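Q: Respectively, the protein sequence lines represent chains D and A. For the first sequence, the positions run 1 to 108 when the numbering used here is used. For the second sequence, the positions run 1 to 113 when the numbering used here is used.
Each hint should be verified, as a subset may be incorrect.
Taking lysine to aspartate or glutamate and the DMTMM-like style, the derived pairs with C-alpha atoms no more than 25 Å apart in a straight line are [stated by the list, open to error]:
id: 1; chain 1: A; residue 1: K53; chain 2: D; residue 2: E90
id: 2; chain 1: D; residue 1: K54; chain 2: D; residue 2: D81
id: 3; chain 1: A; residue 1: K59; chain 2: D; residue 2: E100
No wet-lab data here; the hints were simulated from the structure. Quick caveat, the model's predicted, so the values are computed rather than measured.
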Amino acid sequence: GQQVQQSPASLVLQEGENAELQCNFSTSLNSMQWFYQRPGGSLVSLFYNPSGTKHSGRLTSTTVIKERRSSLHISSSQTTDSGTYLCALEGGSAKLIFGEGTKLTVSS
Amino acid sequence: GPKVLQIPSHQIIDMGQMVTLNCDPVSNHLYFYWYKQILGQQMEFLVNFYNGKVMEKSKLFKDQFSVERPDGSYFTLKIQPTALEDSAVYFCASSGGQENTLYFGAGTRLSVL
Chain D
1 GQQVQQSPAS LVLQEGENAE LQCNFSTSLN SMQWFYQRPG GSLVSLFYNP SGTKHSGRLT
61 STTVIKERRS SLHISSSQTT DSGTYLCALE GGSAKLIFGE GTKLTVSS
Chain A
1 GPKVLQIPSH QIIDMGQMVT LNCDPVSNHL YFYWYKQILG QQMEFLVNFY NGKVMEKSKL
61 FKDQFSVERP DGSYFTLKIQ PTALEDSAVY FCASSGGQEN TLYFGAGTRL SVL
């Protein structure tokens, strides 16, 4: 089965609402990375977060290894946050395994 | 931040032709990767490359695929011959910095007709 599972698959918000995106993994973890994929396709690295909590502006990432999960919290969402959010796991073989992504739509 | 450049951004070719996708990785990085993403689908690992050699490849990395980085120049993905199912966006990535974060290029959209 899928080693990295993301939920929800899609999420629609009104501007100003918060979003909580989940990533669950079934294999051992060396590192976890969160990416934002723009509608045009290019990837932006948001967090490198193998464990614990990291903050960047309105974004917060929390990885709990023993629970095999990582989350991405977006506070006060904006229309420009729309796009696909991908989590990716590196399990010790120097390659990232991606989840299927959460497609976020923020409307004004 | 660090940038990975991919050339060209879009390539259209006829089935059976050869294509080379070029990647200019971050200058001090040591590990290089190719990923494939069919429109609307998951990003999938193809191959990683270190010290002049392929470290690992997935079953998507068919015999028609090859990678190289001659003399520290572009890291390339060559497909010869191409097939219709090779149509996808191919992303190059590199790593080797402090946190081993992967940095991705903007992708090359390959259309095989």
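Q: Indicate, hint by hint, whether the structure satisfies it.
A: Against the structure, the hints come out as follows:
1. A distance of roughly 20 Å separates the Cα atoms of A/K53 and D/E90; the hinted pair therefore holds under the 25 Å criterion.
2. Between the alpha carbons of D/K54 and D/D81 the distance comes to roughly 18 Å, so the proposed pair stays at or under 25 Å and holds.
3. The straight-line distance between the Cα atoms of A/K59 and D/E100 is roughly 19 Å, inside the 25 Å bound, and the hint therefore holds.
The structure is consistent with each of the numbered hints, conforming to all of them.
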